[in-house]
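Take the given structure of chain A and dock chains B, C and D to it, following the hints.
Protein chains: 4
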Amino acid sequence: MSRRDRIPKTRISYHTTDAIYVRGANLVDELIGKLTFTEMMYFQLLGKRPDAAQTRILDAVLVTLMEHGLTPSVIATRMIYNSCPEAVQAAVAAGLLGVGSTFIGTMEGCARLLEEILAAPEGEASRAKQVAQRHRAAKRPIPGFGHPIHKPDDPRSPRLLGLAEEAGVPGKHIRALRLLAADVDEVYGRHLTINATGAVAALLGEIGIPQEVMRGIAVVSRSAGLVGHIREEQLDPAARFIWEMTEEQVPYTDEGA
Amino acid sequence: MSRRDRIPKTRISYHTTDAIYVRGANLVDELIGKLTFTEMMYFQLLGKRPDAAQTRILDAVLVTLMEHGLTPSVIATRMIYNSCPEAVQAAVAAGLLGVGSTFIGTMEGCARLLEEILAAPEGEASRAKQVAQRHRAAKRPIPGFGHPIHKPDDPRSPRLLGLAEEAGVPGKHIRALRLLAADVDEVYGRHLTINATGAVAALLGEIGIPQEVMRGIAVVSRSAGLVGHIREEQLDPAARFIWEMTEEQVPYTDEGA
Amino acid sequence: MSRRDRIPKTRISYHTTDAIYVRGANLVDELIGKLTFTEMMYFQLLGKRPDAAQTRILDAVLVTLMEHGLTPSVIATRMIYNSCPEAVQAAVAAGLLGVGSTFIGTMEGCARLLEEILAAPEGEASRAKQVAQRHRAAKRPIPGFGHPIHKPDDPRSPRLLGLAEEAGVPGKHIRALRLLAADVDEVYGRHLTINATGAVAALLGEIGIPQEVMRGIAVVSRSAGLVGHIREEQLDPAARFIWEMTEEQVPYTDEGA
Amino acid sequence: MSRRDRIPKTRISYHTTDAIYVRGANLVDELIGKLTFTEMMYFQLLGKRPDAAQTRILDAVLVTLMEHGLTPSVIATRMIYNSCPEAVQAAVAAGLLGVGSTFIGTMEGCARLLEEILAAPEGEASRAKQVAQRHRAAKRPIPGFGHPIHKPDDPRSPRLLGLAEEAGVPGKHIRALRLLAADVDEVYGRHLTINATGAVAALLGEIGIPQEVMRGIAVVSRSAGLVGHIREEQLDPAARFIWEMTEEQVPYTDEGA
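Protein chains in written order, with our numbering: chain A, 1 to 257; chain B, 1001 to 1257; chain C, 2001 to 2257; chain D, 3001 to 3257.
Here chain A stands alone, though its shape is the one from the complex:
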């Protein structure tokens, strides 16, 4: 795949002396003041404008993922802001680097399971059961299910799923998730909640966000949350307190690891 063989193209944006175009629309005349951020994000990403239901669902997902208190990402952001207050973007970037497998990997894993179920030639119900059994047999957690704190049920999930159903999206991914949820409870012999990442995987599937870029949606939402924590760090700094507490509470030892 040398550059001799193929010239890549961009379909996103270009500009002239007096105009900027995004996905073929004039930024000034057709987008600023006419689209919300959420509509613009969908449009820039997928090249088509979202309908009202898609916008409502994407907003719900973005609102859900923005904030969850003093998480590892937030702590990283506050540490870097404290060391380098002149570069707010670096503090945000540091926190975003934590949007990795531990939390968001489960969203992607769940999205892949839903796609597997929807594409199964033997039928969705049969594949959903097989997916649950396969994970159970391998003693692996099933992505999108269970939560360490929110028990027995993650309160975000019914809200997100209900909202999508009200909005009247096609419903395929939600159907697959509900099939899987029933099988999970039966196969595991106890109730495992659909967690927020499971519900989000279904909702993003419903509005046509490809699994390969779902993590990016979480990154955008979380970036806003991190900016809020930087603001709080400006007003009521906690970084030095966390630093001193860590030095004090994680003792040095010279015994072998």
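I should point out that these hints are in silico values taken from the structure, not numbers from a laboratory.
The calculated label-pair distances, taken between Cβ atoms and stated as ranges, are:
1. A:Q249 - C:Y2252: 54 to 64 angstroms
2. A:H191 - C:D2005: 22 to 32 angstroms
3. A:D5 - B:E1165: 50 to 60 angstroms
Glycine residues also receive a C-beta, built at the ideal position from the N, C-alpha and C atoms.
Below, chains B, C and D without anything else, positioned relative to chain A:
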């Protein structure tokens, strides 16, 4: 400022077994499905809900800053995605690290000038002229004015300012910017456009975003733009082409620098 | 694994009013001026001082991985430096984010194969052949072998392996790599060079660097290379040239992807 | 500065099918196994090989800056490693983003003062006194002096300065630093230690590292330190403990900030 003396607190979020609270509101009952991303971002950042005008203005700013083609940030993101496709968040973070002084510093610089003008005991008009003269005398560019491509006028600025005026915000920052613009043209002896960063500085000031965290607004908007470019890189990869072109067009020499 | 149950400890460093200790040694009296960077890095990482052979091998690896011209990592670093010259650390960080699966993943993958071969109950020779056959059957590239440019042989590999053999390290990992190399050529029916990542995987195994942290060795070496490119960007800037070339050579189209 | 006008060049590296060249030297024949990491880093950065004294000093600086316990950078790295263990490079990058103004800015600030003193037409002694008086009058801390923990003296500084003097470098920067130190004590009316960043600024100046890229030296050294903490996090994880402790000890309040 030792930890003994002061316990920092957080006012942003906490959670219980069955609920998550953000700024005192129940995430599931009061925020998901009720706030747009833009409203939620404002609420999480400032601790109060935006009114319709504030939301409209913040949306306009976020839409404006999202996308400007194959910029250095975008090139960095595409390079890192190519090297490390398993970590979308790292590719976004790499691009965000470019939201620094060259572009966004001018927004912050302009915001500081507007605050200086609004707070001047001798009156706004007098201080605006003095600001223009001071920069001219020092042969320094005046932040928020001029554009290398969009001449004679940056098309985004009248749109953004007009939209804010229609929305009926207080108008102080816009008034200061317009005063300054008239003086800049007179003092420099030629027309310098209010550029997008200048207009954005005024709009964010109007809706109460502190100057110290304005850069964060750009970071959030740009993060969405970078996700769109990662998606395009998945569909029509350009990174290797840019890499090979760079190796070919930036020749090696052993002559002294 | 709650904090109630287990208090983590650190074995790396502590300080008093008048001294800093690293791995039990007094930084000022026992380390500064007595250890090279490479010895200190090994000592801080593994908690024991390297012998002369280990130091020689680690130096060789670090020298090998530092620089390979205008790579994607370097381009990312130069782009971010151009946008944000006030934060050299952010430009380095942006480039380091590219030390991911595409290049360095093959080092880790090769290291895992070598460990598999060395631990095989049925004998190393038998497992080496099985590893080659397994990858061939799955039509997967075998990590640590082959190179797109350096054909038929990567010149770095014999140098690195020869140097380690001269240094007199145990030689287990090198033996496993040579076994595998012979089987690869036979099973694939053509010569595939041991590439630099393959040789590095064997050398780092020889000196006791755990596979889980091998990527970190590449990160350190590459960080130095990126600093050199930032210095060149200060003296003879290329970022704007690459940016303009990219805008010019990657055309906009409105045809569907 | 359009690309039409000027073609940038690189003087660092190029490769052919069977060789890689760095700064004109054949990597395999002339560098691997012949240079230490420290020598290679100097050579790649400045385009000339260091002599023994320069190598000794650069090693001493790199050893000094590598490790200082559970600092904010280390905490950020451990947080990101915990969230995203598949991307060691992202965890290192997150920590490096903290190599900013708070700590390293003082090194650069001190280096600029030393250059100012050395270049003063009125003589070094006169300018050194003026620098001390200027900072005192402005009630600003003087970069490179004072330390919150290491009192009355930072133990690293006499060791670093002594080692450089033994090595027989020209000594100009050290002379300027000692002049300044005497004036600081006199002008401030109490003893302020030359701290490690002050001593490092003088040593890097002595070996010809330009002030504009000094921060990069700290970045390289610190990257090694962060890799050691990732290894410890693999063996004895502390990130979750720090996270839970932070949630517990930084309480939520709904009172106004």
